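Listed in order, the protein sequences are those of chains A and B. Going by this note's numbering, 39 is the number at position 34 of the first sequence; the sequence numbering is gapless. Going by this note's numbering, 488 is the number at position 112 of the second sequence; the sequence numbering is gapless.
Hints listed in this document are in silico derivations from the structure and should not be mistaken for laboratory results. Nothing here was measured: the structure is a model prediction, and the numbers come from that model. We put the CB at the ideal spot given by N, CA and C, even for glycine. A couple of the hints might just be wrong.
[Claimed, not checked] Partial chain A-side listing against chain B, Cβ under 8 Å, derived:
1) Arg123
2) Lys124
3) Val125
4) Ile261
5) Ile266
6) Leu268
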Amino acid sequence: MSEINNLNNGVIYIVGHGGAGFVSLDNKLPINSFKSVTKAIEKQNADGVEVDVQMSADNQLMLFHDDLLETATYCSGCISAISAEELEECQYKSYGTLNFSKEKLITLDVIMSRFSQRKVKPMVFLDTKTIANCTENNYNIVEKNMIEKIDLIIKKYNAQSWVHVMSGSEDFLLKMQQLNPGIKLWIDGDFNTNIPIANAHNFYGVSGNSSAVTSEQISFAHSNGIYALLFGFKAQAGILSAIKKNPDYLQTDNIILTQQILLQD
Amino acid sequence: MNKIPYKLVSLLIMYTIMNFTLLKSQEINTPKTEKYIFAGLVPNLSHTGLNSSAIVGLQVNRLQFTAGLKYVISDSFFPGIGQIGPEFGVGYTFLKNNKVEFFGLLTFQASFYKPLATFKEAKNKRNSVHEYTYSYGIKIKLINRLWMENSFGFGGVLSRNHDLQENNVSYSYGTTGLIRIGLFYRLF
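Excised from the complex, chain A in its bound form (with noise of 0.2 Å):
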């Protein structure tokens, strides 16, 4: 690859999109599951992984994607509205001959644990949801109590260096600011708004679809010493126009080949 530009001193981190990426025939496994944000660290060696996090009724931390249980899990209903014993009782869904029965929703405190024990700590993204639609005339609550909850489990886990928390709200993270004045955040969709945000608030980065990115706009938030993280990629094109427009991150479904690629003279 030719030289990358950018605040890392030209390597861009690969992180793992809800693990080791979406499902598909080189990924069998769900995401945001054990054995897929284990994989990306552990067998694929990321840089680093997202994963989605909710809460739920009971306040704690679940890794799941989707609005609603029903689409990916044998379960139904808001995260929200279900403890969180219940919730790692759900199995994800069997697609074919893709067969996910022994995989169940986890806590981020699982994962935590899990990587607390590393030597040299992984990145883990939190892209936080809180559902409109689930959370009706509770979302100001659910929206503390997840704020809250993400800085105890950081705390517990020493996790300020290497939790990254990701948003599309920027209200969001200025009150995850305020409990939190040194934690990572970024700001999720366009860049074009999103820069002048992240550069008032002092937020750590700007993330967004890549598709939708240019590098100019990458090029104008590095140089107000934001970072930038680029996804929604899994094939070698997709990689290689993310990579020439010199992000810091790349979240990618494809660990291997975006790791194929950049290592590549």
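With chain A held as given, fit chain B onto it using these hints.
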């Protein structure tokens, strides 16, 4: 990695019974010892993706022993392309006549590749994927010394992966399938 593919196993058993029924009446017994060496090229689809194996083999009556090199062509199911690994097989011909044979084949394939990480060079370490499969297939004589084979199989896979940061090795087990199409030539 998946459970035992019961549907595939059932299909193979049914296929075997069907072939047995069809060919039993046509079978020609060949009491004299038949021994020859052959070579072939076998594109195949397995856990590691699309591969091609260059094979040499020894046929002794109904028994077949093969050895060769497997080359990973595509990265559909496998982290990377271009890996070369050994392949060994033992086969047995159940039924045959002058044009067609039906056989079972036990195969072992191995692939090795360098673990990747942007943070650390892994010079002397190799991840590996071992595949153990049983296939059932058909062999059709094309011309004189030339024949082609097609077989379908299933089996187990064992992969070995390096955690470079922790300097650990972990193992994964699972099931896999195998589809082979081969072109062979009888040498002597």
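Taking the hints in turn, this is what the structure says about them:
Against a cut-off of 8 Å between C-beta atoms, the interface hint on arginine 123/A holds, since the closest Cβ of chain B lies about 6 Å away. At about 6 Å, the closest approach between the beta carbon of lysine 124/A and any beta carbon in chain B falls short of 8 Å, and the interface hint on this residue holds. Checking valine 125/A against chain B: minimum C-beta separation of about 5 Å stays under 8 Å; hint holds. Because the beta carbon of isoleucine 261/A sits about 4 Å from the nearest beta carbon in chain B, less than 8 Å, this interface hint is met.
Of the supplied interface hints, the one on isoleucine 266/A is violated, with its beta-carbon coming no nearer than about 10 Å to a beta-carbon of chain B, more than 8 Å. For leucine 268/A, the interface hint holds, the least distance from its beta-carbon to any beta-carbon of chain B being 6 Å, beneath 8 Å.
Taken one by one, the earlier hints fail for this structure only at number 5.
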